[in-house]
Amino acid sequence: MSAISVAEVAKTLGEEPVPISRALGRLLDAGQLKGQNVTTMGAAYRESYITGITSAGLREVERLRSQGSATGGHPAPLSGPPSVVINMSGGAIGSVSGPVLANIQNHLNAAAGRDAEEFRAAVTEVVNVIMADHQLGPTQRTNAVEAIEEVAVQGTLPETRRKHGVIAALLLGIPAFLENANQAAEAWHTYVPAIVQFFSVVKLP
1 MSAISVAEVA KTLGEEPVPI SRALGRLLDA GQLKGQNVTT MGAAYRESYI
51 TGITSAGLRE VERLRSQGSA TGGHPAPLSG PPSVVINMSG GAIGSVSGPV
101 LANIQNHLNA AAGRDAEEFR AAVTEVVNVI MADHQLGPTQ RTNAVEAIEE
151 VAVQGTLPET RRKHGVIAAL LLGIPAFLEN ANQAAEAWHT YVPAIVQFFS
201 VVKLP
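Read in order, the letters of the sequence shown are residues 1 to 205 in this note's numbering.
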C-alpha cells in the first residue's frame, strides 16, 4: 500500500493533526503499524508516514476479533428490517452534535455485504454506549465518535475502494480515545470483533 501521512489521516477524519499524530505515534512505537518517523526540527507535531500494519498489529486485531466469544464473535443480530437507530436524545452530548450521529446512522444503513447486519448492530451499540458514558470527556467523546463516523463511511464503499490502511489505523487507535471510560472501553472490546469481521482487516498483508 502507498504511504499515508499524519496530515492525510487527519484530513480524512476532519481532525487536527496533533492528536492524530500522538495516536499513530503510540501505535508505531508499539510496533503495531509500519511506518517512518520523518519529523523535522521545529515541527509542530510528530510527522510519520504509515505504510501498513505489522504482524504485531494483526495479532492485536485478531485478539480483539477473538473477544466476545461468548456471543460467537458477533453481537446479537438486529431484529426486523436492516436499519439502525442511534440514540440522539437531547440532540448532543458534550461537543458531539446530532448531525454527526445522524451521519453515522445513515452510513450504517447504507452498508451492505457479508456481515453488514452484524456490523451495523456493533457500531450502533458502541456509539450509544460512548454517548452515555459520563467518564468520557468532551474531547474524548468527539474524537471517538468522529473516528467511528469515518469507519462507517468506509463501510458504505465497495471493498476495492476502501482504504484498508486507514481502517486498520482507526480500529487500533480508537481505544486510545476511550481510556479511563470503563463502559465505553468494554463495549468497544466486546463489539469490535464484528467490525473487524466486516472489513476482513486480518487479511491485510
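FYI, nobody ran anything at the bench for these hints, they're computed from the structure. Treat the hints with care, as some may be off.
To be verified - DSS-like, lysine-lysine: derived pairs with alpha carbons at most 25 Å apart:
no.: 1; residue 1: Lys-11; residue 2: Lys-163
no.: 2; residue 1: Lys-11; residue 2: Lys-34
no.: 3; residue 1: Lys-163; residue 2: Lys-34
Evaluation of the provided hints:
| no. | hint | in the structure |
| --- | --- | --- |
| 1 | Lys-11 <-> Lys-163 | holds, 14 Å |
| 2 | Lys-11 <-> Lys-34 | holds, 20 Å |
| 3 | Lys-163 <-> Lys-34 | holds, 15 Å |
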